[in-house]
Amino acid sequence: AQKITQTQPGMFVQEKEAVTLDCTYDTSDPSYGLFWYKQPSSGEMIFLIYQGSYDQQNATEGRYSLNFQKARKSANLVISASQLGDSAMYFCAMRETAKTSYDKVIFGPGTSLSVIP
Amino acid sequence: KAGVTQTPRYLIKTRGQQVTLSCSPISGHRSVSWYQQTPGQGLQFLFEYFSETQRNKGNFPGRFSGRQFSNSRSEMNVSTLELGDSALYLCASSQTSGRAGETQYFGPGTRLLVL
Chain A
1 AQKITQTQPG MFVQEKEAVT LDCTYDTSDP SYGLFWYKQP SSGEMIFLIY QGSYDQQNAT
61 EGRYSLNFQK ARKSANLVIS ASQLGDSAMY FCAMRETAKT SYDKVIFGPG TSLSVIP
Chain B
1 KAGVTQTPRY LIKTRGQQVT LSCSPISGHR SVSWYQQTPG QGLQFLFEYF SETQRNKGNF
61 PGRFSGRQFS NSRSEMNVST LELGDSALYL CASSQTSGRA GETQYFGPGT RLLVL
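If you read the protein sequences in the order shown, they are chains A and B.
Those letters in the first sequence? Residues 1 to 117, per the numbering used here, in order.
Those letters in the second sequence? Residues 1 to 115, per the numbering used here, in order.
Hints in this document: simulated from the structure, not taken from any laboratory.
Only a predicted model underlies this, so the values are computations on that prediction, with no experimental measurement involved.
Honestly, I wouldn't trust all of these hints.
Said to hold, decoys possible - Which stretches of chain A does chain B cover? Using the computed rule of at least three CB atoms under 8 Å from a CB of chain B, they are: (1) 9-17; (2) 29-37; (3) 74-80.
Claimed, not checked - Derived DSBU-like pairs (lysine-lysine); straight-line CA-CA distance at most 30 Å: (4) A:Lys73 with A:Lys3; (5) B:Lys13 with B:Lys57; (6) A:Lys16 with A:Lys73; (7) A:Lys73 with B:Lys13; (8) B:Lys57 with A:Lys3; (9) B:Lys57 with A:Lys70.
To be verified - Far from chain A by the CB rule (all over 10 Å, computed), these chain B residues: (10) Pro8; (11) Leu43; (12) Asn77; (13) Leu90.
Glycine included, every Cβ here is placed at the ideal spot set by N, Cα and C.
Next comes chain B alone, as it looks inside the complex (with noise of 0.2 Å):
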C-alpha cells in the first residue's frame, strides 16, 4: 500500500502571497488531519478533516484554510502568508476518526519557506 503522500515537498514564497498544499492519504483512510511544525512552537494541530467535513481546528488564525475531497484527499490553504508560517507542514491519515487506538501516518511534509 502506498503511503501518504505530499506535493510539493519544497516551496518557497514571498510575503502576502497565498499557497496551497496538498495531501493524499494511504488508499481506505478517511481521516485527514494537519499539522505544522516550527523549531519555536514544536508540532502543533491545524484541523482534521472526515468525510469531507472539518471535524476539529486548532488555534490558527483564518488565514489557514483546508477542505477534503469526497476521494479522501485533502488540501490546505494558506493565504496573505507571514514570515512566521515558514515551517513544515505535516499530513496525516488515519482509517476512522475519534477511536483512541487509531494510528495516523504521516507523509514526508511540505517545507515552506517565506522571505
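With the rest of the complex left out, here is chain A (with noise of 0.2 Å):
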C-alpha cells in the first residue's frame, strides 16, 4: 500500500532563509512519480516540482528543488530565499504507474509552513 509522510507538521523560517520540508514514502511499484504542491490559505493546490523515479539528477524548479534520495525513499523539498508569500501548507505527493492506480495520486498530511519577517 502507498504511504507518504511528512513529520513536520509546522514549521518556522526567517525570510530569505533557506528551508527544508521532509517527505519519505513507501511503495513496492519500482515506476512512480512524486510531487510537491503548495496550497495557500485560498485553498487551490499549485504545482511546485516534479520527480520521477528514474531520473538521474534532483529536479529544480527556480527557487524549488528536490532532494531525492532513492534507497531512503525520501524526496524533500528545499526552498531557498524564503519569501513572505511563501507561507502556505506544503503537500508531498506519490503517483505509482501500477495498471490500477491509474490516475490515483496519494497525498502526505501536509506541513505548515510560516515565513518570520
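Combine both chains into one complex, guided by the hints.
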C-alpha cells in the first residue's frame, strides 16, 4: 500500500533563509512519480515540482529543488531564499504506474510553513 | 490556457439534501480526479475519470458518485448529505491517465458546508 509521511506538521523560517520540508514515501512499484504542491489559505493546490523515480538528477524549479534519495525513499523539498508569500501548506504526493492505480495520487498530511519577516 | 475551473466556489446545504459540483478541466486534458479535503482526514482521493469512464475509486460510500461528459467536463454528486461531508472538494485534471510523470493541475475547489 502507498503511504506518504510528512513528519513536520508546522515549520517556521526567517525571510530570505532556506528551508527543507521532509517527505518519505513507501511503495513497491519501481516506477513512480513524486510531486510537491503548495496550498495557500485560498485553498487552491499549486504544482511546484516533480521527480520521477528513474530520474538521475534532482529536480529543480526556480527557488524549489527536490532532494531525492531513492534508497531512503525520501523526497525532501528545499525552498531557497524564503519569501513571505511562501507561507502556506505544502503537500508531498506520489503516483504509481501500476495499472490498478491509474491516476490515483496519494497525498501526505502536509506541512504548514510560516515565513517570518 | 485557462486553468481548471470549479463551480460553485461555495455552497451551504442542510443534512439530507443532495449536491452537484462541477469541474471543467484544462483544455486538452482528458483525465479528471476528485479529492475531498478535511482538517481531520486530509486529502482523500474520491474517484478519477478518463474518457467518460471511471477508472479508479477511493474508499467512499455510494452516496458519492460522479460522471464525465464527452467534453471532459466532470460532475460529482453527493446524495443524502451528512455533517461530515463538509469539506473542500478539489478537482484536478491531467492530459492522460496512468503515467507516473503526468502532473495533475488543481482547480480552486468548492467549499461545501453542511448544516
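Quick rundown of the hints versus the structure:
1. 9-17: n = 0 at 8 Å, threshold three: violated.
2. 29-37: holds (count 5)
3. 74-80: The restraint on the segment 74-80 of chain A is violated, since only 0 of its residues have a Cβ under 8 Å from chain B and three are required.
4. A:Lys73 with A:Lys3: holds (11 Å)
5. B:Lys13 with B:Lys57: holds (25 Å)
6. A:Lys16 with A:Lys73: holds (29 Å)
7. A:Lys73 with B:Lys13: Between A:Lys73 and B:Lys13 the Cα gap is close to 43 Å, so the pair fails against 30 Å, i.e. violated.
8. B:Lys57 with A:Lys3: Answer holds: B:Lys57 to A:Lys3 is near 17 Å, not above 30 Å.
9. B:Lys57 with A:Lys70: holds (28 Å)
10. Pro8: Per Cβ check, B:Pro8 is outside 10 Å of chain A; nearest 13 Å; holds.
11. Leu43: Nearest chain A Cβ is 4 Å from B:Leu43, so the label is violated.
12. Asn77: holds (20 Å)
13. Leu90: violated (6 Å)
Hints 1, 3, 7, 11 and 13 from the earlier list are contradicted by this structure; the remaining hints agree with it.
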